[in-house]
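Q: With the hints as constraints, model all of the structure from the sequences given.
Quick note on numbering: this note's numbering labels position 496 of the sequence shown as 496, and the sequence is numbered without any gaps.
Restraint ranges, calculated between C-beta atoms of paired labels, are given here:
no., residue 1, residue 2, range
1, I711, G305, 44 to 54 Å
2, D553, I711, 20 to 30 Å
3, V225, N113, 26 to 36 Å
4, I337, K112, 23 to 33 Å
Hint data in this document are derived by calculation from the structure and do not stem from the laboratory. Each residue gets a CB set at the ideal place from its N, CA and C atoms; glycine is no exception.
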Amino acid sequence: MGHKKSTRLIIASLIFLIVASVSVYFLIRDNGHKKSEELVELAEQPTDTLILREMFSFKYDLESAADLENFATVGKFKSKSGTQSCRLDKSNEFSVTVRKKLSSLKDISNVKNVRLSFSVYSGILLKEAVAVLSIEDKNGKSVSWVGKEIKSSPESWQRIEISFDISTEALQSENDLKIYIWNKKGEEFYIDDLEIKIDGLVSSKSYSSGYIPERNVFENFEVPVKNENPDHYSKEHAHTGVSSFLLTNGVSYSPSVSRRISEVIDSELRLVTMSIWVNQQTDDNELVLVATIKDTQGKDYFWQGRSTEKGFFPKGIWTKHRAQFKLPFEKIKPEDIISIYAWNKGGKDVFVDDFQVVFGETNVRSGAVPLIDLASNGDVAYSFVPNKAPYQTKFLSRFVPSGTDSNKDFDLISDVLYPSDLYCSGNFVIDAVGRDQLAHVSEDGNLALYSYCEPENKMKKVFTSSVKNMKSSHQGSILKSGNFFNKERDQLLFIDLKSHCFVVGQFPPIRDNCNELAPKSNFKILGELTGENFTKLISSNYNECVIANFIGDDKSECFFMNQSSGNYLMLGFNDNQIIKLAEGNSNILKVSDSGHTYQGSIPGISGDHDLLCLSESGEGFKKICLSITTTHNNELNFHEKESSWLKLASGKFYFGQFTNSTNEILVLNRDWKFDLSYGQLQGNGVFIKANVDFEGFSNGYNPKYYEDIKIVPGNFIKSDRTALLVFCGNCIDNTFPILNCKNYDNKSDWKPGAEIYYFKD
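A: See the structure below:
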């Protein structure tokens, strides 16, 4: 019995030892794996260090005045690109100036240097020209100034590159950065194509995962790329816009997207994805999407292509061709060049359009760190395609004047706004900073002028008067600004076709933007037609009047027309006289009864004069825009211009300098709801890039929800930035649509009002 007990104890002890040993083994193994995993995870977390990288870049081709001061030195001179350049000579000591507010630049305290490059042409060897970087405080006092000598050879365009170190003490958000050329000795030379790059310290962690310059590239073939024959671009077919690129037996390759590896990613480039829209003109052609990589010696070490041969690409139908290639990332160096292009292997005619390339991985495995953190970057990293939804949203911010937060930014004559009131903006005052003012005519005959008072930070009435015969009416009244007599400031034109009144005049000199002129100051009438004098010259059957510089004489003309009969009349101005320039009839002017006209100077299409564009309500723009020339027998010739770009956006167009970009346009479509879009003119096309909404509106009332909204653009607050003066009201008449509204609701919470909005930098 004792022996059996001893045996059982030995067996139990052995079992205990075995279980304990196994438990210890698994415990040690699990702990070892956990520590190993922690080490791997820590090793994979990048150390956050600061690295020197390009933070901002800005280009100026001098074709527009965006961000530029002293633009009077720019004209149609000898140019490196485009049609304009900046000329310096004995009368122009300083060039066009780039001014940037430091508050508009993110993380300015990390900025280390600024790189300036530009093209220069001179007939002699430059000796005393200096490139200047200056930082000024809010009072215009220079707190940092650096000048570097420019050296260039004569008789040829040369590219100059200069680097400026930045004073850390001067990097205050309230200061301005200025860059210009100082012509110390009055030598004659030209500069063009300025480019500014600002370098600074950025987080290596955020740079590698979030800051990827030009990761997405989109080519719409609307504007010929550099060194490409414009004849290879065709308007016969287009997937979007108005043109595409034509590949033939003699044109085997499309323009390529070529980038240095370091320009598209700051880590390993493992993947490239591309797509192109194809319209084959035969059933048996073959097109190949190709990716190649070259080393610094120009030697190809990677080539891969994907053909349309096995796909379905029917003749005459736009079809999308896609490709995705894995790249030999272990061989790729930062200075290597990757090129993406389409190869017309079959040699038959084929149109290609909307070429898109994405560098880097597009999909992320579960649990992996994405290349771009969409949660933190919002829509910044997403590549929005012009003219294709979804669009990003740009917000118009309300200008908040001092001392008020009501739904009126300034007193507009009375507590009530009337639909019949007329407004227009213009440079009516000799303003040293080039701002616009607002002119207002009421139905009781009051004429007022409002100007921005900078010390008080608000729009203030600076002139008021009662002008005989100048009374706004519900329908038939027109108020326009223009340089009718080629004077140093704009004049105001009032027309009422029903009451037979035509008055053009000029505001008195106003030197104070904060106080109203004495009552004895008068609005000076420069020309007037009333009663019989009006009807002798202007027939009562005209139902439209458009004001613009139609004939390119640097003055505005009045173009009257009847869209049912095609009758027209053009009036001009000379030596304070209203003169008839032309009169006649043209079938090209006829549109339906629902039609209306729009005019505007269209960059890249109209040249130095405005176009007359005809449209019809509800269907966007008609397919014609007209260039007007005069004849010897006092008639007009109407030349139809290419206007298929107008098909891409319908509504009322507003041109201006709304942001830091060029050739900007806003399109307001009110066919069924408020719809304001932001876009740009590129070549022959309007490219819608964003929907526009409001923010900062008073009392929670968004202007877009009012029944009636009127927009008056003008450089009211800043000379280099176009703001929108927005008038809002709800109709209380029994008859609709809004065009028939005669009274606004002034009793409910949604009172009529006027507010100024602008796009923030």
